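Residues per chain are reported as follows:
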Amino acid sequence: MSNQLEPVIYPHPAIDHFLDAVCRHVRAKKLHLDIKEELLSHIENVAAQKLEQGLPYEEAVQTAVAGMGDAEQIGKQFDKVHRPHTDWGMLTIILLLCGAGIISMFSLESRPGPIYLNFLFEYKLILTGIGLAIMAAMWAFDYEKLKKYSEPIFASGVLLLLLTSLFGNKINGQTGWFEIGRITLYLPSLAAILMIVGLAGAVPAKSWTWKSTAVQVVYRGLLPLLLFIEKNVFTWAVIYLLVFVVHIWMTRRSLVQVAVIGIGGVGLMSGVIVNSYYLMQRVTAFISRDDPAGNTYQLSKSLEALRSTGWLGKGFGAEVVLPGVQSESVHVYFIHSFGWISGLSLVLLIIVLLYKLLVSIHFIRDDFGKRLYAGMSAWIAIQFIWPMLMIFGYAPYVGLEIPFLSYGGTAGFIQFVAIGLLLSIYRRRDMVPCP
Amino acid sequence: MNQMQVNKELLKGSTVTLILTLLENQEMYGYEIIKEMEKRSGGVFLFKEGTLYPILHTLEAESWVETYWQTHDGRKRKYYRITQDGIAALKQRKREWELFRNAVDCVLGEGSV
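Protein chains in written order, with my numbering: chain A, 1 to 435; chain B, 1 to 113.
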């Protein structure tokens, strides 16, 4: 009796009919198998019990299926749980930032300024339009398909950095630009996002052995960092390091593992800075605020522009001398023109966005999606936080621009791609089976 | 009393609390949850069995429970395990229920202050 196997219930057409009727109403196709198996298991249990009570097979199955209830109602309830989600908050924030960017460019173009700023508004409109279209396409795209290709995606990021060293153009001491006809691409930011997406599908840190720890840390940590540093692209080295540590954190075995790798990375970067005359100078200038080489010229201009305005700002088309006025200082111009109230609103908007990113990670249960979401969130967060801090002198002044607000360029398009992917992950958060 | 069917709306509101309470004691699969609920309520809590599963999936979407598959005697079972979030949610719901029950008792005149 005790060694008897459970009686065979399935297959039976009535069961299939019921399961199909349920799943017909569930839009999340990837969950159909999961739902069917779970319901089948229940029906089999009930039918087996009926058989034991002496009911004939046919009757047992029919009773079990009937006991489940209305297939359509159950299917619709399943669909409600596993429906696609739209992150309206995120969409609103991105559109507001784009709007603020477009207004800033219009204001910049309207002032009697240098001729090269003449078509800013028109170009910004076009770039934003294309960007939003790319974002929508990524939003519709099923991010899970990237998982299979995460190794080649990561490798192509590394390869791009290697190729940049060979073929890239040098501007301001950095090797990073590549020209195709009239378009100039900034390759480090492109390489970074490829590696960040690739990282999400990499071997999780919790299953690293001693040997794979060495391989992973060298290939995914050290190599990219050194390639960025070799090109003098320190900002991106810092950003990549942060995302890499976030990746270790998300897939960690222990806090010690995160701490060791994190401290190692920070140590490496500090070593590089101390050994570089140029970087040391920038850091000293940043700390002492005293700068004979003129590295804090941009900061002093920025502080001046922020101080000289008021709650309501200087108004549309305000004139002000600011280096990088349409790029890394765009938010200074925005605050100068539209006032501290607009500036506070901007900061508030960014805080809400960062908070939303942090909260959303919690709700994504798919491992790959969660890692991708976390990595890209860290990458986006630093691009908002750093430029915001640097205009007040709380971070070194670098070439990072507030996403969507600034004129854009290579980094701008990549940011639209990233937001599209985040929306895609959020949309499918309840539509993917759990491991 | 056992023959009486409980009002559907009342049952709907408390199903989540009942499920979480059962899962607080041990990890269970769907069929087990239904049987246990029937047994403990003396057969008062009877509902169409299929409707339990969307509710379980809702709990999972809320991160109140986690799931895993296990094979028993050649049959796959999906087990549900309560999470820290789920335990917190259950505490909250129990408090609400006690408040509600006391209020109803008071109005009905069987006050137990």
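To be clear, the hints were calculated from the coordinates, so they are not data collected in a lab. Just so we're clear, the structure is a prediction, and the values are computed from it rather than from any experiment. Please note that a few of the clues may not be correct.
Claimed, not checked - Reference listing, derived: stretches of chain B covered by chain A, where coverage requires no fewer than 3 residues with Cβ under 8 Å from a Cβ of chain A: (1) 16 to 27; (2) 57 to 65; (3) 86 to 94.
Stated by the list, open to error - Cβ pair distances, simulated, as ranges: (4) B:40 - A:267: 50 to 60 Å; (5) B:14 - A:152: 43 to 53 Å; (6) A:16 - B:21: 11 to 21 Å; (7) B:98 - A:133: 48 to 58 Å; (8) A:27 - B:43: 29 to 39 Å; (9) A:277 - B:92: 25 to 35 Å; (10) A:133 - B:40: 53 to 63 Å.
Glycine included, each C-beta is placed from N, C-alpha and C at the ideal position.
Results for each hint:
no.	hint	verdict
1	16 to 27	violated (count 0)
2	57 to 65	holds (count 5)
3	86 to 94	violated (count 0)
4	B:40 - A:267: 50 to 60 Å	59 Å, holds
5	B:14 - A:152: 43 to 53 Å	52 Å, holds
6	A:16 - B:21: 11 to 21 Å	35 Å, violated
7	B:98 - A:133: 48 to 58 Å	54 Å, holds
8	A:27 - B:43: 29 to 39 Å	36 Å, holds
9	A:277 - B:92: 25 to 35 Å	60 Å, violated
10	A:133 - B:40: 53 to 63 Å	57 Å, holds
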